[in-house]
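Chemist: Residue numbers (the numbering used here), protein chains in the order written: chain A, 1 to 901; chain B, 1 to 111.
Incorrect hints may appear among the rest.
Estimated spans, in silico, between C-beta atoms of each pair [as the list claims (entries may be wrong)]: (1) B:Glu65 to A:Val206: 25 to 33 Å; (2) B:Ala45 to A:Ser767: 55 to 63 Å; (3) B:Arg52 to A:Trp437: 55 to 63 Å; (4) B:Pro27 to A:Pro21: 16 to 24 Å; (5) A:Asp130 to B:Ala45: 34 to 42 Å; (6) B:Ala55 to A:Asp240: 57 to 65 Å; (7) A:Tyr8 to B:Ala45: 23 to 31 Å; (8) B:Asp31 to A:Pro21: 30 to 38 Å; (9) A:Arg410 to B:Ala55: 41 to 49 Å; (10) B:Asp22 to A:Trp437: 41 to 49 Å; (11) B:Val81 to A:Asp240: 18 to 26 Å; (12) B:Asp22 to A:Arg90: 28 to 36 Å.
Worth flagging that the hints you see were computed from the coordinates, not collected in a lab.
Glycine is no exception: its CB is placed at the ideal position from the N, C-alpha and C atoms.
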Amino acid sequence: MSYAPPRYAERVLEWCLRSAPSSAYIVGDLRQEYAAVRSRRGALLAHLWYGREVLAVGARYVGRGAEASGGSSFWRDLPGDVASALRIFRASPGFSVAVILTLALGLGVNATMFGAVDRVLLSPPEHVQDHEELRFLYHTGLLTWSVDVPMAYTFPGYEAIRELPVLAGAAAYQPRSTVTMGTGLDARRPTVQNATAEFFPVLGVVPALGRFFDVQDDREGAPPVAVLGHGFWEREFGGDPAVVGQLITLGSHSYEVIGVAPSGFTGATIESVDVWVPLRMNIPLTAGWDVLSSYGSAWFRVVVRLAEGISDDDAGTRLTEAHTADVLAYLEGGGEPHRNLEGATIHTGAFMTALGPMADSETSMTLWLAGVSLLVLLISCANVANLMLARGIERRQDRAVRLAFGVSRRRLVSQALAEALVLSTAGGLAAVLVARWSGRALYGLLLPGIPQPDAAVSLRLIAFLGVIVVFTTVAAGVLPAFQALRTAPGDVLRSTGRGSTGSGGRVREGLTLAQVTLSTVLLVGAGLFVQSLRNALVVDPGFDNDVLLSVEIEPRPGVDADGRDVLYREALQSLEAMPGVERVSLSTTARPLYGWNEQSRMVPSGMDSIPRMAEGGPYTYYGTDGFVDAAGLRVYQGRAFDPAEYGTGGPLVVMVSRSFAEGAWPGLDPLRECVTLANGIPRLEGPEPCRPVVGVYEDLITSSLEDRGRWSLFWPLPPETTGYRGMLVRANGDATELAEPIRDRLAALSTDVRYVFAVPMSNRTESMRGSWRVGATLFSVFGLLALVVATLGLYSVLAFAVARRRREIGIRGALGAQRRDLVGMVVARVAKLVAVGLVLGLGIAGFAGRFLEAALFGVPTVNPLVFGVVALVLAAAGLLAAWVPAVRATSIDPVGAMAAE
Amino acid sequence: MSPNHIAEFEQMVLLAILQSADDAYAPNIRDVLQDRAGRTVSRGALYRTFDRLAAKGLLEWETDESNPMPERGGAPMRRFVVTREGRAALRTSREALLRLWDGIEPELEGA
Chain A
1 MSYAPPRYAE RVLEWCLRSA PSSAYIVGDL RQEYAAVRSR RGALLAHLWY
51 GREVLAVGAR YVGRGAEASG GSSFWRDLPG DVASALRIFR ASPGFSVAVI
101 LTLALGLGVN ATMFGAVDRV LLSPPEHVQD HEELRFLYHT GLLTWSVDVP
151 MAYTFPGYEA IRELPVLAGA AAYQPRSTVT MGTGLDARRP TVQNATAEFF
201 PVLGVVPALG RFFDVQDDRE GAPPVAVLGH GFWEREFGGD PAVVGQLITL
251 GSHSYEVIGV APSGFTGATI ESVDVWVPLR MNIPLTAGWD VLSSYGSAWF
301 RVVVRLAEGI SDDDAGTRLT EAHTADVLAY LEGGGEPHRN LEGATIHTGA
351 FMTALGPMAD SETSMTLWLA GVSLLVLLIS CANVANLMLA RGIERRQDRA
401 VRLAFGVSRR RLVSQALAEA LVLSTAGGLA AVLVARWSGR ALYGLLLPGI
451 PQPDAAVSLR LIAFLGVIVV FTTVAAGVLP AFQALRTAPG DVLRSTGRGS
501 TGSGGRVREG LTLAQVTLST VLLVGAGLFV QSLRNALVVD PGFDNDVLLS
551 VEIEPRPGVD ADGRDVLYRE ALQSLEAMPG VERVSLSTTA RPLYGWNEQS
601 RMVPSGMDSI PRMAEGGPYT YYGTDGFVDA AGLRVYQGRA FDPAEYGTGG
651 PLVVMVSRSF AEGAWPGLDP LRECVTLANG IPRLEGPEPC RPVVGVYEDL
701 ITSSLEDRGR WSLFWPLPPE TTGYRGMLVR ANGDATELAE PIRDRLAALS
751 TDVRYVFAVP MSNRTESMRG SWRVGATLFS VFGLLALVVA TLGLYSVLAF
801 AVARRRREIG IRGALGAQRR DLVGMVVARV AKLVAVGLVL GLGIAGFAGR
851 FLEAALFGVP TVNPLVFGVV ALVLAAAGLL AAWVPAVRAT SIDPVGAMAA
901 E
Chain B
1 MSPNHIAEFE QMVLLAILQS ADDAYAPNIR DVLQDRAGRT VSRGALYRTF
51 DRLAAKGLLE WETDESNPMP ERGGAPMRRF VVTREGRAAL RTSREALLRL
101 WDGIEPELEG A
C-alpha cells in the first residue's frame, strides 16, 4: 500500500513551486520519500518530516519571482530569513517544540470550534441554492394551546400566502418524525419528513437519482410515493439504483420509491432525514387527525424564496395582510375561533434557524464554547509572544553584533517576522492534525444527530486557520521585532550578561499575568459547570430511575384496539416470567412516567377548579397492579395503593404529589381530602365519585431536571382496563442491560408485533443533563489546557529571571544568604504574579458569571467553593512552575557565577 | 569569471550525477552526496542547484516513464544527465585545481 502526503501541505508546496519548471518532479520526489518515511516511522513523524521539507524546499523557491521583478525587500529577503529561522530552530528544539505545541493546541481547538460554529451558524444546509434569498416564516401572536411557537404554522395559513407575488416560491413541511419500516426483528425507525411538492424546487436541489415528487403526487388520493435520503439509500439499499420503482412500507402504507436526494442533502435544516413523502397525500405519520384544514393546529414550518427586489419588510406586510384576510374569511364563514388567530403578524426571518428567534440551546452552547476557545487562543498567543520575547532578550547580543556590522534594523525586524511566520506555519500544520483528531469527538458531544461533513478538514477551516496564523504571526512577531529596533548595539555589548529584567521583563510579566488571569476565568467556568453537573447527577427524579424501562409495542397495521390490548396482556405475562424483571405494570399512556397533562379533568375537594398553571399540569399517571411499587415513588405520607385498590370493583382512590397536596389543601391533612375526576374511566356508569387520597409522594421531574413542583396524581387501573399504550418495567439491576433482551423477547412474541420500544428511564434523565455534561467536559478540557500553558509561561519567566540574575544570586550566596532566602526570592515572584492574576481573574469571572447563570444548575456564580479550589489549583501550578528555577537558584556556585563574567 | 566556472557545490552535484550513472534520480543523488562526500544537503538547495546548472546548460533531464511508481501518485520522475558542456566544465575545473595543488601536498601533510 502506498501513502500520500497530507494534501494541505502538498498544496503549500505546489504554491511555492508555482513558477518552477521542475515543480511536478519535486512534488513527486517528496511524495516518494514521504511514503518511505511513513512506512518506516509512522504517520505522525512522517507528517512532521513532510512539513519540514515543504518549508525547506518552499523557502528556496518562494521569493524568486519577486527577486526577478525587483519586488519589496521583505519578500526578497524572506527565503533567506526563513532559512536562517529554520537553522535557529534546529539549534534550539525545546523552544521550537514549546511554541509549536502551544500554537497547535490553541489553533487546533479553535479550528474545531470554528468547524462546529460554521456548521451551526454560518453554513446553509448542503445543496441549497442561493440560500440568501430563502427565509423561514415566523409569526408573533399566533398562539396555539398555551405556548407561542414562532415557527409553527397552520396549513390553511400556508395555502393563503403560498402564491403571493412577493414570493418566488413557498414550501411547507413538518419537522421530521420517526416511523416504523418493516416488521418484528427487522423493523427499523427511519426519520421521515412530510413536505409539499414545492419543497425541492424552492430549495433548488436536484435529485441524485430518479425524480422528486411534483403536484401530481402531492394531492389527496394520489398513489403514495417517497424520496430517499442519500445516506439512507446507501445504508438500507446498498446504493442500488434499482431501488427506484420498489415499494417500501412506512407506518401503515406502502410507498413507491421515485428518487434519491443528493448526498449530504438534509432538507431545510441540518438534521438528517431518511425519507421525504408528499404532505398533501394527507396520510398521517404522527398527527392522527386532519391537520390540513385545521386553523387550530399549527404543525408546519414554511420556507419561502423572496421574489427579486422584495425586502423583508415588504414581504412581512403583504404576508400579514394575506394571513389576516384569510382568517377573517374563515371566521365569517362560521369557522371555530382559535386563540388570537386574527391578531397574528407574520414576518420573514433568517433561513438558518440558529440565527433566528428559535435558536436553541445547542446554538448558545456552541457560541459560548467558541468564546471560550478564543480565550484559549489568546492565552496561547500570549505564551508564544512570551517565549519569543525571552529568546529575543537572549539574542540581544547576537543582534547587537549584527547591527554593529552594519546589518539594517529593517532586516532585523523582517528576520523576527520570518521567525514568527515559520513557527506559526508549523503550528498551523500541527493544528490541522489536532483539529482532525478532536473534531470527531467534539461533534459527537456538541451536535449529536447532526451528520458530520465528509471532509474533516474543510477549505473554510483552512482559510480560518490561515487567518489565525497571520494574526499570531503579527502578535508574536511584533514584540521581538520592536525589541530588535530598540536595541542600541553599544549598550548591549557593554552590559553583557548583567542587566536585570528590564522593560522586556515587564512586558513578559504582563503577558504571563494575562495568561494566569484568563486561566482563572476558564477554571472558574469549569468549576461552575462541574458543580452544576454534580447537582444534576444527584437530583432525585422522584422514582427509581436506574432500574426502570418504559416499553411500548407498535402492532402491525390492521390490528385493532382489542388486538392491541391482547398483545399488551401477553407481553405482561411474558415479561413477568423473564429473568431479571422484578415487576411489570401496564398503562394507558405510552410512556407511563412521562406524565399526561390533564388540567381540565379533575377537581380537588374544596375547589371549583384547578387554576391554570403556566408550565402545564397537573400531570396524571395511570397503571395496573403494582404500578406505584414498580416506580418506587417516595411516599412520605399515607401509603401506596393496596392490591384491592388495583382490583376489579375495588375502592376508587388516588395518590397526589407534595405540590398538589400543599397547593390544593394548604394547612389541611390531604389524607382527609378527595379528588373528582371529571370524566373518569369510561367503564363507570353514573356520576364520578370524589376519590379519597390515600398517599402523598414527593414531586416527580417532568420535562427537565429543574421543573420540580408540578402538581401530579396517580390513579390505579383495574385489570379489565382497555386502551393500553405502554408498560413500565422494573429490573432487578441496571435497566439499560435489559432493553435489548426485552426488545427481542417481545418482537418474537407474536406476528402482530411490529416494533418494540424499550427505553431505560435513565436515557431521559441523561439527556436532561446533557448541557451540563457538555459544559463541564469542555470547560474542564479548555481550562486545563489553559492552566498548562500558563504554568509553562510562569516557568519560562522564572527560569529566565533566575538565569539573568545568576551573578546577583551568586553574590548574595557569597555574602551568606541562606538557601531559604534564595528560594524565597523566586517564590515571591511567582506569588506576586499568581496573586494578581487570581484577583483579576476572579473579578472577571464574578462579573461574567451572571451571563452564565441561566446555563448553570443550582450553583451561585459568585461561588466561594469554586473560587477557593481554583485559587488552590493555581497556587499549586505556581509552585510547580517555581520548583526548577528555585532549585537552580540555590545551586548557583558564587565563585563560578562571578568568574563567568 | 568564465561562463564555465562552477562553484564547489555545483561540481559535487555534477560528479554525484556521474557517479549515479543510470540511477541519477534526485533522491539517489542526495544519498551519494551524503555517503561519498559527507555532505548533508537540504532538498531546497539541491533543487535550486539543478535549476541553475540546467540554466547554464551543464545538465539536462529526461522524464523516466519506464518505472511508474505508485507512491509518486502519478507525478513524473526525472533522470539527470551531465551534458557535454557539463563534462567540459568539470574537466576545466579539475585541471585548475590540480595545477593549484601542484607541489603543496607535503606542506599540508599532518595538517
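Chemist: What are the numbers of the hints the structure violates, in ascending order?
Modeler: Per hint list: 1, 3, 5, 8, 9 and 11 violated.
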